[in-house]
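Q: With these hints in hand, go ahead and build the complete structure from the sequences.
Quick mapping for you: the protein sequence lines, in order, are chains C and V.
Residue numbering for the first sequence follows the numbering used here, beginning at 1 and increasing consecutively.
Residue numbering for the second sequence follows the numbering used here, beginning at 539 and increasing consecutively.
If you're looking for bench data, these hints aren't it; they were derived computationally from the structure.
Worth double-checking, as some hints may not be accurate.
What the hints assert, rightly or not - Straight-line C-alpha distance at most 25 Å; calculated DMTMM-like pairs for lysine to aspartate or glutamate:
1. C/K239 <-> C/D225
2. C/K478 <-> C/D288
3. C/K385 <-> C/D213
4. C/K207 <-> C/D358
5. C/K239 <-> C/E269
6. C/K94 <-> C/D251
7. C/K390 <-> V/E565
8. C/K94 <-> C/D219
9. C/K248 <-> C/D106
10. C/K390 <-> V/E543
11. C/K390 <-> V/D550
12. C/K102 <-> C/D252
13. C/K385 <-> V/E567
14. C/K385 <-> V/E565
15. C/K248 <-> C/D265
16. C/K94 <-> C/D288
17. C/K223 <-> C/E178
18. C/K390 <-> V/E591
19. C/K239 <-> V/D561
20. C/K385 <-> C/D361
21. C/K94 <-> C/D83
To be verified - Some chain C residues close to chain V (C-beta under 7 Å, calculated; not the full set):
22. L291
23. I296
24. F392
25. A395
26. F405
Unchecked claim - With beta-carbon atoms standing in for the labels, derived distance ranges:
27. V/L540 <-> C/L403: 19 to 25 Å
28. C/D422 <-> V/A554: 23 to 29 Å
29. C/E525 <-> V/L540: 50 to 56 Å
30. V/N581 <-> C/G284: 34 to 40 Å
31. C/N274 <-> V/I541: 52 to 58 Å
32. C/F113 <-> V/A554: 36 to 42 Å
33. C/P432 <-> V/L579: 51 to 57 Å
34. C/F113 <-> V/I541: 32 to 38 Å
35. C/Q7 <-> V/L563: 39 to 45 Å
The beta carbon of each residue, even a glycine, is placed where N, CA and C say it ideally should be.
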Amino acid sequence: MQDLVEQRYDIAFRMYPYVRSADQDAAAVRHPVIVIGGRPIGLATALDLGLRGVPVLVLDDHEGAGLGSRAICFAKRTLEICDRLGAAEAMLGKGVLWNTGKVFHDDRLLYEFNLQPESGHAFPAFINLQQPWFEKFLHDAILQAQANGAPIEIRGRNRVEAVTPSAEHVALEVMTPEGPYRLEADWLVACDGARSPTRNGLGLDFKGRVFEDNFLIADIRMKADFPTERWFWFEPHFKSGDSALLHKQPDDIWRIDFQLGWNIDRKTELEPANIRARVDAMLGPNVDYALEWTSIYTFQCRRMDSFRHGRVLFAGDSAHQVSPFGARGANSGIQDVDNLGWKLALVLGGMAPDSLLDTYDAERVCAADENILNSTRATDFITPKSPMSKMFRNAVLDLAHHLPFARTIVNSGRLSVPCIYDGSRLNGPDHPKMPRRSRPGSPCPDAPLGDGWLLEELGRGFTLLAIDAALPEAIKIKGLTVQRLSVSALANAALRDRYLGAATSAVYLVRPDQHVAARWERYDETEVLAALARICTA
Amino acid sequence: MLITEPNLHNPDEIYARLIAAHDGLSEAESHALNARLVLILMNHIGNHAILTEALGHARPTGGTGQN
Ligand SMILES: Cc1cc2nc3c(=O)[nH]c(=O)nc-3n(C[C@H](O)[C@H](O)[C@H](O)COP(=O)(O)OP(=O)(O)OC[C@H]3O[C@@H](n4cnc5c(N)ncnc54)[C@H](O)[C@@H]3O)c2cc1C
Chain C
1 MQDLVEQRYD IAFRMYPYVR SADQDAAAVR HPVIVIGGRP IGLATALDLG LRGVPVLVLD
61 DHEGAGLGSR AICFAKRTLE ICDRLGAAEA MLGKGVLWNT GKVFHDDRLL YEFNLQPESG
121 HAFPAFINLQ QPWFEKFLHD AILQAQANGA PIEIRGRNRV EAVTPSAEHV ALEVMTPEGP
181 YRLEADWLVA CDGARSPTRN GLGLDFKGRV FEDNFLIADI RMKADFPTER WFWFEPHFKS
241 GDSALLHKQP DDIWRIDFQL GWNIDRKTEL EPANIRARVD AMLGPNVDYA LEWTSIYTFQ
301 CRRMDSFRHG RVLFAGDSAH QVSPFGARGA NSGIQDVDNL GWKLALVLGG MAPDSLLDTY
361 DAERVCAADE NILNSTRATD FITPKSPMSK MFRNAVLDLA HHLPFARTIV NSGRLSVPCI
421 YDGSRLNGPD HPKMPRRSRP GSPCPDAPLG DGWLLEELGR GFTLLAIDAA LPEAIKIKGL
481 TVQRLSVSAL ANAALRDRYL GAATSAVYLV RPDQHVAARW ERYDETEVLA ALARICTA
Chain V
539 MLITEPNLHN PDEIYARLIA AHDGLSEAES HALNARLVLI LMNHIGNHAI LTEALGHARP
599 TGGTGQN
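A: Have a look at this one:
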């Protein structure tokens, strides 16, 4: 029989095998939200919406996580978001913790660094975990949520072939192994990756820069006692590439990355013997290892003009793409999800007009620009574009060996940190005495709280966080319940430093994505209602 | 503010040292020396506005290479 849904890649975990749906025997059934793509960003979107009680249907043309890892570094903010989604514990359990690294030039160690995360946070700065495992843990959390009644459905081997938006809904044509059927959605979230057929089908732009360089990724399995550190070489003496990276993953797997240059023959370079020659030169003789997964990538930094097109929203790689230096791909996609979920839930619940979704576009476009800027600068440092650029790059490396200032210029990737939505129209009043790091637009910094953590005490909806300040019994506006959280900073230095600064008390209005909306020294009903109204009438 | 009025108490002396620092170097080595020097001075100045002003003065105005 002819395969109606061609499988473009192999699967690491079969998570959502094809099952016939009753929708296939009906005229176009309408769903509130359909998500295209069941990989990290699509799964997280479904989980976030489902946990908010919004019925969501995910369509993916495969049946689970793809074989071979792309992303390996997952950042603190991603773990905090996944914790809210119920998936972080498993990730932390399997992931490799790291915070130190070494930078080499040729055969010289230039310096060592320590990301030394500030203490008093539930999650570390980074963990390394293979992307298929990251996806599996999100999927496990979906199974758990489903068991608790969350309205999430995933259909594997459902390929979306056409998307036709109109003012009232979006029509979809879907192909399955048993033939085509139709669906309709009030809202469509396209998490269908960098090649997004949804984006292309609608003829939307995806502009930016292609970097003229090829990178060879080799994940190898070896029992070795290299330390759990990120090692990066510029112009390595072992000549396996113009730059090289060695980084540990779980299960005795190591990520090796070689910069090959622009004019290469992909097929030749991917021959196992040729890959092994490069790896041998790097690791030295007599190291026993097996090639687990290899691949050659070229990198681009680009984004769509707008992440919202009427009833179609774009999230993750479909909306923006960055080079891997800085681990900003999946990490930023998870922040898209964090930003979009609650807004879509409010709009679907009739609590906010659909213009609230324009702030998803505004805030996440800003974040994408920040990520693209950082990732472009790192790539330019690693792959200098002109002889003079290379001259300066190598001058920085020469100086970094003995002058500390130059180490801050060395750029092998500025690792992902969350964007602060300065200037967002959702931001309410700020207070001059309070610390800058928690100003409106910032993600709430975590802090220890009793035996637990501040972030896990924040609600799924809006929260009023009162620090040594009084709050009324209950706050309700037009059906919107605001959770109250009263804490004291008197014996909690982290809370004081991160939230009070020079103030003696504070009331924070925290959005459902744990970003600060507004802050005052004391509770004032009119002020709080105005700040909420600013968001819910945005 | 970038100082463009005279600020060196013995310009001839320090200029001669700059030239002497390049003695015996190939053109590539000289370029590298200059690059390191720019970076070191840049860090010492440490002020974005001043550096931006300096870059503006240094960059040929015609945009094609000649001052
Ligand atoms: C070498 C490399 C290293 C990386 N390292 C990191 C890192 O360390 N940290 C990090 O954060 N990020 C990293 N990234 C980026 C990360 O892999 C991506 O950002 C991430 O996979 C994007 O997820 P996504 O869900 O948006 O898209 P994808 O993972 O591309 O998923 C899209 C899904 O949509 C499905 N689909 C496509 N078309 C259709 C259709 N018509 N119908 C139904 N389904 C469809 C696809 O089959 C797929 O399952 C790296 C990337 C590369 C290439």
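Q: Between the alpha carbons of C/K390 and V/E591, is the straight-line distance 25 Å or under?
A: 24 Å, holds
Q: Holds or violated: the 50 to 56 Å window for the beta-carbon distance between C/E525 and V/L540?
A: The hint (50 to 56 Å, Cβ to Cβ) holds, given that C/E525 and V/L540 are roughly 52 Å apart.
Q: Below or equal to 25 Å on CA atoms is what counts here, so check C/K239 against V/D561.
A: Violated. C/K239 to V/D561 sits at ~32 Å, over the 25 Å cutoff.
Q: Between C/K239 and C/D225, does the CA-CA distance stay at or below 25 Å?
A: 23 Å, holds
Q: Could one say that the CB atoms of C/D422 and V/A554 fall in the range 23 to 29 Å?
A: 50 Å, violated
Q: Given the hint that C/K239 pairs with C/E269, test it: the Cα-Cα distance must not exceed 25 Å.
A: 14 Å, holds
Q: Taking 25 Å as the top limit, are the C-alpha atoms of C/K390 and V/D550 close enough?
A: Measuring from Cα to Cα gives roughly 32 Å; hence the hint is violated.
Q: Under the criterion that the straight-line Cα-Cα distance not exceed 25 Å, is the pair C/K94, C/D251 satisfied?
A: 9 Å, holds
Q: Interface hint check: C/A395, Cβ to nearest Cβ on chain V, cutoff 7 Å. Holds or violated?
A: 4 Å, holds
Q: So if I understand the rule, the pair passes when the alpha-carbon distance is 25 Å or less; does C/K94 with C/D83 pass?
A: Cα-Cα ~14 Å, so holds.
Q: Within a Cα-Cα threshold of 25 Å, do C/K102 and C/D252 meet the stated pairing?
A: 20 Å, holds
Q: Does the structure keep C/K248 and C/D106 at a Cα separation of 25 Å or less?
A: 21 Å, holds
Violated hints, listed in ascending order, are 2, 10, 11, 15, 17, 19, 20, 22, 23, 28, 33 and 35; each of the other numbered hints is respected by the structure.
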